[in-house]
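Q: Combine both chains into one complex, guided by the hints.
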Amino acid sequence: MKPLVFAAGMMPLSLLFWRAFNDTLGANPVESLIHETGLWALRLLLLTLAMTPLRRITGWPGWIRLRRMLGLYCFFYAVLHLTVYLWLDQELRLSAIIEDVIKRPYITVGAATFLMLTPLAATSFNRAIRWLGGKRWKQLHRLVYLCGLGAVIHYLWLVKADLAPPLMYLMILLGLLAFRIPPSLLRRLRGYSTGKLETKHERYQT
Amino acid sequence: MKKIRHSIRPSEITDRAVYMNRRRFIAGMTAAGLTGTASAFSFFGLFGDDEPTAVELYPRRPLKASRRAFSVDESPTDEADAIGYTNFYEFGTEKGDAQRYGERFKPEPWRLTIDGECERPGDYTLEDILKPHPLEERIYRLRCVETWSMVIPWVGFPLADLLKRFAPTSRAKYVAFETLYDPEQMPGQRRAVVEWPYREGLRMDEAMHPLTLIAVGMYGETLPVQNGAPLRLVVPWKYGFKSIKSIVRIHFSEKLPVTTWNQLQPDEYGFYANVNPAVDHPRWSQARERPVGGWRRRDTLPFNGYAEEVAHLYHGMDLAKYF
Numbered sequence: 041m042k043p044l045v046f047a048a049g050m051m052p053l054s055l056l057f058w059r060a061f062n063d064t065l066g067a068n069p070v071e072s073l074i075h076e077t078g079l080w081a082l083r084l085l086l087l088t089l090a091m092t093p094l095r096r097i098t099g100w101p102g103w104i105r106l107r108r109m110l111g112l113y114c115f116f117y118a119v120l121h122l123t124v125y126l127w128l129d130q131e132l133r134l135s136a137i138i139e140d141v142i143k144r145p146y147i148t149v150g151a152a153t154f155l156m157l158t159p160l161a162a163t164s165f166n167r168a169i170r171w172l173g174g175k176r177w178k179q180l181h182r183l184v185y186l187c188g189l190g191a192v193i194h195y196l197w198l199v200k201a202d203l204a205p206p207l208m209y210l211m212i213l214l215g216l217l218a219f220r221i222p223p224s225l226l227r228r229l230r231g232y233s234t235g236k237l238e239t240k241h242e243r244y245q246t
Numbered sequence: 049m050k051k052i053r054h055s056i057r058p059s060e061i062t063d064r065a066v067y068m069n070r071r072r073f074i075a076g077m078t079a080a081g082l083t084g085t086a087s088a089f090s091f092f093g094l095f096g097d098d099e100p101t102a103v104e105l106y107p108r109r110p111l112k113a114s115r116r117a118f119s120v121d122e123s124p125t126d127e128a129d130a131i132g133y134t135n136f137y138e139f140g141t142e143k144g145d146a147q148r149y150g151e152r153f154k155p156e157p158w159r160l161t162i163d164g165e166c167e168r169p170g171d172y173t174l175e176d177i178l179k180p181h182p183l184e185e186r187i188y189r190l191r192c193v194e195t196w197s198m199v200i201p202w203v204g205f206p207l208a209d210l211l212k213r214f215a216p217t218s219r220a221k222y223v224a225f226e227t228l229y230d231p232e233q234m235p236g237q238r239r240a241v242v243e244w245p246y247r248e249g250l251r252m253d254e255a256m257h258p259l260t261l262i263a264v265g266m267y268g269e270t271l272p273v274q275n276g277a278p279l280r281l282v283v284p285w286k287y288g289f290k291s292i293k294s295i296v297r298i299h300f301s302e303k304l305p306v307t308t309w310n311q312l313q314p315d316e317y318g319f320y321a322n323v324n325p326a327v328d329h330p331r332w333s334q335a336r337e338r339p340v341g342g343w344r345r346r347d348t349l350p351f352n353g354y355a356e357e358v359a360h361l362y363h364g365m366d367l368a369k370y371f
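Chains as they are written, first to last, in this note's numbering: chain A, 41 to 246; chain B, 49 to 371.
Calculated directly from the structure, the hints in this document are not laboratory data. We treat Cβ as the ideally placed atom computed from N, Cα and C, and that holds for glycine. A couple of the hints might just be wrong.
Chain A stretches covered by chain B per the calculated footprint, using a threshold of three residues with CB under 8 Å from any CB of chain B [said to hold, decoys possible]:
1) 63-73
2) 143-154
3) 194-201
This is chain B alone, in the form it adopts within the complex (with noise of 0.2 Å):
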């Protein structure tokens, strides 16, 4: 019989406990090769970073405003950071959402019901709103609940030249607002991280109030579907998240609104929402806020600075407890 020779030296047998253990140690490579892989991807912001992508957003007009009104003198903050650094939560949480995922949004043709306690209710298109209304500048301040603030040329209206065409009637205490409800054009909507559709309202007095703007544009063209194209709300001595965006439907009403920041967390959002830097928001202070754009602080004034303007508007209201 012959003797098979193997070729195969004592040294080159893999080691017992290696061998044994095979199975665990490819498992351990693979597993550390994916976290690596993983990490290195999102050191690299390969899976997202904060500066939004390009994306093919709805485009946006020149504007012409006749005449420059009620404007702050101080200069606006960087266009781009005004229109990337915003809170759309249609769009998703994240600042840069509306920018992100804004592509299907189509601010025309776009359609605007009146209803409520009024004379005139009905559906109008954006030209029937904003045929008759000669447009304006106003350089606003505007301030946000989570502390940082901007400067923004707007362009519009006031919004007591529109709500007259409709003849509220003396039942109407209160407007109330509604951004439009459609996920398939606002793909944030697909999770109810707030109940949808956003509301906002306002007394009927603040609503009056000369500074109270239908804006239809800012820095000189319409406004990006980021800020609320076609039309939003801008009410500058309020927080932010009053100047309701995109509007789809104006309501009178008799009783106070339902708020959508209020009813979520009723006790950090008020229906009110004044800015007031002596009543704290529960988890962080209002005494100060930054400015957009900057690395430094800056106290917040009462009324975000309009105090001469509609501080009579609650004269003897207790502003801790209509917070």
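This is chain A alone, in the form it adopts within the complex (with noise of 0.2 Å):
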């Protein structure tokens, strides 16, 4: 299954380079490059989230060996993002570069959402997990929800007027984290509509 995930992986990249190399890359190769790159990126963080809710609904315990080589690919991608928009975008400007960061938003979520990417991806291996502790690793790991969030505003923040292919993985991401409710606030929720589960206060009235 692994090296099946990863051969898959390593296809957009591919398929990108075999375009850069056939002039197919459009008429703003640069463009499309940014592009498709931030796309697999958040695809990728989509996927990743995607493996407890499927391990969840399949009782298959496989899709969690999968989620570390998903995550890190995202990382991969993220950093070819990184990679095209400093060197072949700004040209290594680096005062424009920073002018970016600190005058638009889309920009600043997005280079926040990278500097919260990079430790979960360098906190990846097993030696990170055990010198963390797997209580502290999972705290960390949480911020994968935040990165989702930032890489879907970031999308959100930079289309011009058609709004409809961000929102449409704000919706994925949304229904992905909403499995991460835990089962017992579910419970509760489901509960108190159902008038199964009584408030403290009823318990106690006579």
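A: As structure tokens, this is what we get:
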């Protein structure tokens, strides 16, 4: 399973290289590269978030084993996205880049999201998990929810007029995050609405 | 009583755990299969990709220009890029959408309505409009607000010559333009991404300037559907969204006209929209641009390099305020 996913994860990059080589990246190749690498980073982040829900639905534990690879691929494409932006788009002009990060909210959010992704990627490895301890590692990696939000907001804030594509990703993200509501909280919410669970107040009434 | 012998061996009996979870297992495998297939489809661009597929668009005819005027000394953009990379939301919000979804658009027969503060309003056919005007080739720079740029050899005639025919009165301070509204021909108009019809406008002195062009062709042929057939405006010192396409109405107005992008996002798109590297779009810098077809950027010029010809129109105006 893992080798399959590894090969699949390389496909978007290979396709981009192939298109760059054959001059089929379109009339604005830098724009295509930024857009495609960004989209794949976002898709892979959403895929990573889908692993736990899939395990719960199907009962198959194998999904979790894929999660690390997907997360690292997300970071990989994020690094590519950032590299194309810094090098090909901004031509490594430091003052222009700093101005962008400070003045343009969507880039501020994008930069912040990347900064949050970095420690997650850095602590993906077994040694890091042992060093942090399971509980602290889990707490740190809850940052991925913020990263998902950041990525979608980055996308939403950069489009000119057509909000449909980023809104679609937002819907998917919210759907995936809904799975993370702890079952105890879910039961409580459901209990209140069906009247099966009494509130503390009701319990002490005579 | 005969003992019934079963042919099933104990090892063949399904493991209880799998049996109890068989439905989840099937659901999981189906989900994995569907996800895998969908991913494979999108990987291979089978859901559509950046390259527009071939579609039968209204054919172009050769156009003869009698002379060349007001042209820049730069080599034109690759024609395939100039045609394939356009913003024409009437067909969809992706760059190649006019090429993908333009097959029902018919630039002929065409009707142009002239009205407002003028002495000779009316409805005119394309032939009425074009007949008196000798065609010129104009190689202009085009700068999109998104920071890409092109050099395009337009074929057309000055807007001033057209407007004079309708005798605008002294009350005509502005000229307003409208694009066709017909969702049957322009499927992108089924969504109100912007408010249809697309509208633009110019101040009277901008409209009468010799650079302001009514283009009916490019690269020696009539306009492709993607670039605003059968006729469009080209105002080379302003951001590209001012160069309204597929014009059906010209209206002489006393008041400042409503323009589509300004209406949608007034703090990002102004009425004047003069190319100005010193005035940033709120969400990106306008100091540099990328010529289409290439990888490098270059500096953006004030008024897109036409400062000598048009800067005087804005003498005394605060260009950061009137952007």
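Q: Give a verdict on every hint.
A: Verification of the supplied hints:
1. Here the region 63-73 of chain A counts 9 residues with a CB under 8 Å from a CB of chain B, which clears the bar of 3, and the coverage holds.
2. Coverage of the region 143-154 of chain A by chain B holds [criterion: at least 3 residues with CB-CB distance below 8 Å; count 4].
3. For the region 194-201 of chain A, the stated coverage by chain B is satisfied: 4 residues place a CB nearer than 8 Å to a CB of that chain, which reaches the threshold of 3.
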